[in-house]
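The residues making up each chain are set out below.
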Amino acid sequence: MKPAAFDYIRAASVEEAVEVLAKFGARARLMAGGQSLMALLNFRLVEPEVVVDISSIGSLNSIRIDGESVEIGASVTQSELLDWPRLKEELPLLALALPWIGHFQTRNRGTICGSIAHSDPSSELPLCLAILGGEVELRSAQGTRRLKASAFQTGMLSTAKAPDEIVVAARFPRRRPGEGYAFREIARRHGDFAIVALAARATAGGVLLGVGGVADRPAVRDLGGTGGAALGAALNAFAWEMGGNDDIHATASYRRELVRRLGPKVIEEAQACLS
Amino acid sequence: MPVLKARERHPITITLNGRPASGYAEPRMLLSDFLRQELGATGTHVGCEHGVCGACTVRIDGKAVRSCLTLAVHADGRRVDTVEGLAGEGNKLSVLQEAFRRHHALQCGYCTAGILMSLAHYLEINPQAGEEQLRKVIGGHLCRCTGYTQIVEAAVEAAEMLRLNKSAKV
Numbered sequence: 024m025k026p027a028a029f030d031y032i033r034a035a036s037v038e039e040a041v042e043v044l045a046k047f048g049a050r051a052r053l054m055a056g057g058q059s060l061m062a063l064l065n066f067r068l069v070e071p072e073v074v075v076d077i078s079s080i081g082s083l084n085s086i087r088i089d090g091e092s093v094e095i096g097a098s099v100t101q102s103e104l105l106d107w108p109r110l111k112e113e114l115p116l117l118a119l120a121l122p123w124i125g126h127f128q129t130r131n132r133g134t135i136c137g138s139i140a141h142s143d144p145s146s147e148l149p150l151c152l153a154i155l156g157g158e159v160e161l162r163s164a165q166g167t168r169r170l171k172a173s174a175f176q177t178g179m180l181s182t183a184k185a186p187d188e189i190v191v192a193a194r195f196p197r198r199r200p201g202e203g204y205a206f207r208e209i210a211r212r213h214g215d216f217a218i219v220a221l222a223a224r225a226t227a228g229g230v231l232l233g234v235g236g237v238a239d240r241p242a243v244r245d246l247g248g249t250g251g252a253a254l255g256a257a258l259n260a261f262a263w264e265m266g267g268n269d270d271i272h273a274t275a276s277y278r279r280e281l282v283r284r285l286g287p288k289v290i291e292e293a294q295a296c297l298s
Numbered sequence: 017m018p019v020l021k022a023r024e025r026h027p028i029t030i031t032l033n034g035r036p037a038s039g040y041a042e043p044r045m046l047l048s049d050f051l052r053q054e055l056g057a058t059g060t061h062v063g064c065e066h067g068v069c070g071a072c073t074v075r076i077d078g079k080a081v082r083s084c085l086t087l088a089v090h091a092d093g094r095r096v097d098t099v100e101g102l103a104g105e106g107n108k109l110s111v112l113q114e115a116f117r118r119h120h121a122l123q124c125g126y127c128t129a130g131i132l133m134s135l136a137h138y139l140e141i142n143p144q145a146g147e148e149q150l151r152k153v154i155g156g157h158l159c160r161c162t163g164y165t166q167i168v169e170a171a172v173e174a175a176e177m178l179r180l181n182k183s184a185k186v
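Respectively, the protein sequence lines represent chains A and B.
Going letter by letter, the first sequence gives residues 24 to 298 in this note's numbering.
Going letter by letter, the second sequence gives residues 17 to 186 in this note's numbering.
Derived from the structure by calculation, the hints contain no laboratory data.
Hints are not guaranteed to be accurate.
[To be verified] Here are the computed lysine-lysine pairs in the DSSO-like style, where the Cα-Cα straight-line distance is at most 27 Å:
#1 B/Lys79 - A/Lys111
#2 B/Lys79 - B/Lys152
#3 A/Lys25 - A/Lys171
#4 B/Lys21 - A/Lys25
#5 B/Lys21 - B/Lys108
#6 B/Lys182 - B/Lys152
#7 B/Lys79 - B/Lys182
#8 B/Lys79 - A/Lys25
#9 B/Lys152 - A/Lys111
#10 A/Lys184 - A/Lys171
#11 B/Lys152 - A/Lys288
#12 B/Lys182 - B/Lys108
#13 B/Lys185 - B/Lys152
#14 A/Lys46 - B/Lys79
#15 A/Lys111 - A/Lys171
#16 A/Lys288 - A/Lys184
#17 A/Lys25 - A/Lys46
#18 B/Lys79 - B/Lys108
All chains should be modelled from the sequences, with the hints used to inform the complete structure.
Next up, the structure:
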């Protein structure tokens, strides 16, 4: 339960972090809040040669509105975003989802971008990024690129991020007029990993349902204007298509049942708050 | 840029409960181990070492965090507050500690230090906190003795006391 040995660099700028990554690639690990990485290190599931601490890089500690998106820098913690005065107005889905992430004590250090880069299939932020159609900004010595959530999220704990790239920011689309959102999660205890997490995004014309904790990455389904029995059938098909596995917390069958039962409720909640 | 080498021990200085404290740490050393083994501050307890149980919770620059999910080298130069710093002059218990004592909110005491540090931060920034919110904060900790009831009662009472006496120390 103690990490293996590694060199430690407290990067003062993105350029410094990029320089280390260019040299060490997959032998280096970036640490922002460390709330996922430290557990992996303690279990020795990862044994990097170098840990690059990016939490002190001032330029990454910003939340700013950029056109139609809110850009959240890589060192912004989940608590800092929760305390952002414009959160409810600009990112109502995140206002609903953030309190579900871990605990008060882990949100104080855990970052938005770190959770997205870690890409746990049951975690809340990758699900929010997927259903809102957000993107991540990646930087390396080669330059900068932006990837949509659907291109970035490639599977269980895996993303399209190259070993020499750093997620410098996540970009969430701002609330669009005429949309409503809802978020629900089932876990044994508040703060545990979600057995299933559901997010809904309703518009006047239809609804998107996002599900975490079943497939190996967040799954988003456009259910259009489906309702009644047809909705039940669509949710059942969606639940089966996501696959899902049995584990110590729940069976795949239970997870499908949660999607079938909670799906309509989350959709209804999102439609009820159409603005 | 400075690289702290893996197999070397590096000088670390933190402000521990208001006073400078120094020791040495390899980069891989957890803050929880640094506090206990290097600084002798054994009030902070170590449980699961992967962020689940909450026993090791301390405050870094005022914020309640898991010291087992923090490297000592990361804490270098920062303010760290632990359970040893809660009591006031002449070891007078803080409002929160006094409430824990009154309600028998601990039995073996292993989880207590972490819970106190979490609640101390939370009540400072959320003086209006009620039972529902306090339960969520306590939900970040495991206690195997009490069944939590007395811990919740103590937290709720401490919040009320602090609202009545605004100058009291959490």
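Cross-check of the supplied hints:
{"no.": "1", "hint": "B/Lys79 - A/Lys111", "verdict": "holds (23 Å)"}
{"no.": "2", "hint": "B/Lys79 - B/Lys152", "verdict": "holds (16 Å)"}
{"no.": "3", "hint": "A/Lys25 - A/Lys171", "verdict": "violated (36 Å)"}
{"no.": "4", "hint": "B/Lys21 - A/Lys25", "verdict": "holds (17 Å)"}
{"no.": "5", "hint": "B/Lys21 - B/Lys108", "verdict": "violated (43 Å)"}
{"no.": "6", "hint": "B/Lys182 - B/Lys152", "verdict": "holds (23 Å)"}
{"no.": "7", "hint": "B/Lys79 - B/Lys182", "verdict": "holds (20 Å)"}
{"no.": "8", "hint": "B/Lys79 - A/Lys25", "verdict": "holds (24 Å)"}
{"no.": "9", "hint": "B/Lys152 - A/Lys111", "verdict": "holds (21 Å)"}
{"no.": "10", "hint": "A/Lys184 - A/Lys171", "verdict": "holds (12 Å)"}
{"no.": "11", "hint": "B/Lys152 - A/Lys288", "verdict": "holds (24 Å)"}
{"no.": "12", "hint": "B/Lys182 - B/Lys108", "verdict": "holds (17 Å)"}
{"no.": "13", "hint": "B/Lys185 - B/Lys152", "verdict": "holds (22 Å)"}
{"no.": "14", "hint": "A/Lys46 - B/Lys79", "verdict": "violated (34 Å)"}
{"no.": "15", "hint": "A/Lys111 - A/Lys171", "verdict": "holds (23 Å)"}
{"no.": "16", "hint": "A/Lys288 - A/Lys184", "verdict": "violated (35 Å)"}
{"no.": "17", "hint": "A/Lys25 - A/Lys46", "verdict": "holds (26 Å)"}
{"no.": "18", "hint": "B/Lys79 - B/Lys108", "verdict": "holds (23 Å)"}
Comparing the model with each numbered hint stated earlier shows that hints 3, 5, 14 and 16 do not hold.
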